[in-house]
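S.K.: Take a look at the letters that make up each chain.
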Amino acid sequence: MDTLIANLSLGFSVALGLQNLGLAFVGCLVGTLIGVLPGVGPVATIAMLLPVTFSLDPTGALIMLAGIYYGAQYGGSTTAILVNIPGEATSVVTALDGHAMARRGRAGAALGIAAIGSFFAGTVATMLIAALGAPLTKAALLFGPTEYFSLMVMGLIFAVVLAGGSIVKALAMIMLGLLLSTVGTDLETGDQRMTFGQPFLWDGIDFAVLAMGVFGIAEILRNLGQPEDRDLVRATIGRLLPSRQEMRQSLAPILRGTLLGSAFGILPGNGAILAPFASYAMEKKLADDPSRFGKGAIEAVAGPESANNAGAQTSFIPLLTLGIPANAVMALMVGAMTIQGIIPGPQVMTGNPSLFWGMIASMWIGNLMLLIINLPLVGLWVKLLQVPYRLLFPAILVFCCIGIYSINAQVTDVLFIGLFGLAGFILIRCGFEPAPMLLGFVLGKLMEENLRRALILSRGSLTTFVTEPISAGLLAVSFILLAVAIVPNIRRGREEVFAE
Amino acid sequence: MRERDNKPGSAAPDSPVRVSQNLVGGLSLVAIAALALWLLRDLDAGSLTAMGSALMPRVLAVGLGILGALVAASSFFHRGLVLERLPLRGPTLVILAIATFAATIRPLSLGSVSLPGFGLIVAAPLSIVICGFATRDARLRELVILALSLTPACMLLFGDLLNLTIPMLPDSIMALFPDGWSQKAMLRASAAAMLAVAAVLFFSSTRSDVGDARKKD
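Each protein sequence line maps, in turn, to chains A and B. All the letters of the first sequence, read from the start, carry residue numbers 1 to 500 under this note's numbering. All the letters of the second sequence, read from the start, carry residue numbers 1 to 217 under this note's numbering.
Any given hint might turn out to be false.
[To be verified] Reference listing, derived: stretches of chain B covered by chain A, where coverage requires no fewer than 3 residues with Cβ under 8 Å from a Cβ of chain A:
{"#": "1", "stretch": "41 to 48"}
{"#": "2", "stretch": "67 to 74"}
{"#": "3", "stretch": "90 to 101"}
{"#": "4", "stretch": "104 to 116"}
{"#": "5", "stretch": "172 to 186"}
{"#": "6", "stretch": "195 to 201"}
Just so you know, the hints here were simulated from the structure itself, not pulled from any lab data. Even for Gly, the Cβ is constructed at its ideal location relative to N, Cα and C.
Between the sequences and the hints, there should be enough to build the whole structure, so can you do that?
M.R.: Below you can see the structure in the form of structure tokens.
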């Protein structure tokens, strides 16, 4: 306990420095901005802003990028409530009842409870990261290549099970991602793999390029095909503080949402995205009168909003303790850390405590800032929502081009975001989801490296993965999960969750 | 993001060719897998004790091919969603805008064609305007104003404030400035000039354009 307090006070002393405070604020502001704007997500934004972090120190850079990620969770709810369009993927559920509340003239209360719930969830998640950081890091030091490989397999299986739609399609996307990650020079043998003899492919495909293509450009292409109708609530937003009765109704959902979100967030394989869905389904099951759901039940805003913010924050845990990115945003964090010369993994906490604890402390400070950015300034964000998409997407496109060009000063990178964007668009049109592909790509290199090492240690015997106890346990969990997901009954239940 | 995906294809009854999404998607994956296997043909897979460079990608490509084939085959057993006709206008103009940016940002030589580098001051406005026409609601004047205000903002932000190494101005513009001007001074002056033009365009057009916009919305 004492060390925890000592660690946190170290963290706060770092995070409260003037520069880091400023960077956390900029991150939260940008995060809210892109969260509010539909069609720009945190993945594309962080990829665009990677070059900006070149000139910052590592702690400041990570504080800012983290702020963008969880800031987007706050901002997304504003759009969901006021316009009925989820600003972010994680605020889809909020749109259901949040917007219904807004139509009944309770927009202010919905925004208020979303922010309060998120803040509470953010606080709990921050404490959870601080508390779990040290023991998990210790556990991670016991992990060898065999365990790492199995852990990543489990992460990928989670991603498949948690993704919506067909399991086979999600598996195929993982394979495609893994395959793309093997393009380039093989570090062990020096062979050029699938490079077409082109020098710009020798280093492999840059993750930022793939992410920006699939999440930036493909997203633009998809949105262009959809008619723009924004059902902006024109009525006044009203009092931002929920009434006493509404507070009482929301208390338990906030607690449950925080719990669910934190648990889902820690899971490798982008669990954070499912947390709000799970929370919504749970609240509906527990409610005295489930028919109110969809017509503006405040529990259906409070629970999912807490869940998505908690999940966004606890998804840092696998990265900070194990060095394994759980989703695309975390993979970009790996990129940002690598640029700064830091190798993510258990050694960050011991070797670089001011970075580790500074980042954690800044998350709490950031959550506090977001409360201020979101509630009193909501009028500003409403104004922003009136910017039509026809002016927004050319701006996004140019930012993507500038961002990707300034990372490596390569014209081919610019062309490749177009190529990946088009490919991603066609895949989306064919009913494939790009998110598992990105996760496969992120983990591919690490997996191959660990597989190779594990096989050297076991002298070429594949049975090592099932004879080592930890690894066997991890693989068993993944196998059971996959089996369960294929069982028809549960499949149906899962589809119901997504259909809502 | 996926949740917004409201099942493309479900509402295309008048599409002339009815191909299943799964067939097209699955076959594309098989094609990618085949391409990967072909590219890997000369590499050594090694053994499990000493993995060669081709082992992992080859296994993955085979896996991808099998899964792709499964997806494609599923289209024969149950009628899945139909692939909607892909729109042409959006993707074409967006790709064209990206290619224009790539071609103009710095000197380019492709075979016999060679272009001098124009820098961000030309690349950004060009791609904004081209890309803007990807939607049918595009209005030229509005896009020009956007281009002339966003570009200088980017120049100041990325070039002046953050010192990123992006070419900003072409030589021809830099030659216009008197000797002794620093790079940054030239950058600021050109940005200010663009902003001024944008402001003039914006204020001269507010009355008529806002009227149009009101009618259109």
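S.K.: Each hint should be assessed against the structure and marked as holding or not.
M.R.: Hint check:
Figure legend: the stretch 41 to 48 of chain B, annotated as covered by chain A; annotation consistent (4 residues with Cβ-Cβ distances under 8 Å, at least 3 required). For the stretch 67 to 74 of chain B, the stated coverage by chain A is satisfied: 5 residues place a CB nearer than 8 Å to a CB of that chain, which reaches the threshold of 3. As drawn, the stretch 90 to 101 of chain B meets chain A at 8 residues by the rule of a beta-carbon pair under 8 Å; at three or more, the given contact holds. Counting residues of the stretch 104 to 116 of chain B whose beta-carbon sits less than 8 Å from any beta-carbon of chain A gives 3, enough to reach three: the coverage restraint holds.
Residue count for the stretch 172 to 186 of chain B with a Cβ under 8 Å from a Cβ of chain A: 0. That is fewer than the three needed, and the coverage hint is violated. Under a criterion of three residues with beta carbons nearer than 8 Å to beta carbons of chain A, the stated coverage of the stretch 195 to 201 of chain B fails, only 0 such residues being counted.
Against the hints set out earlier in the document, violations occur for numbers 5, 6.
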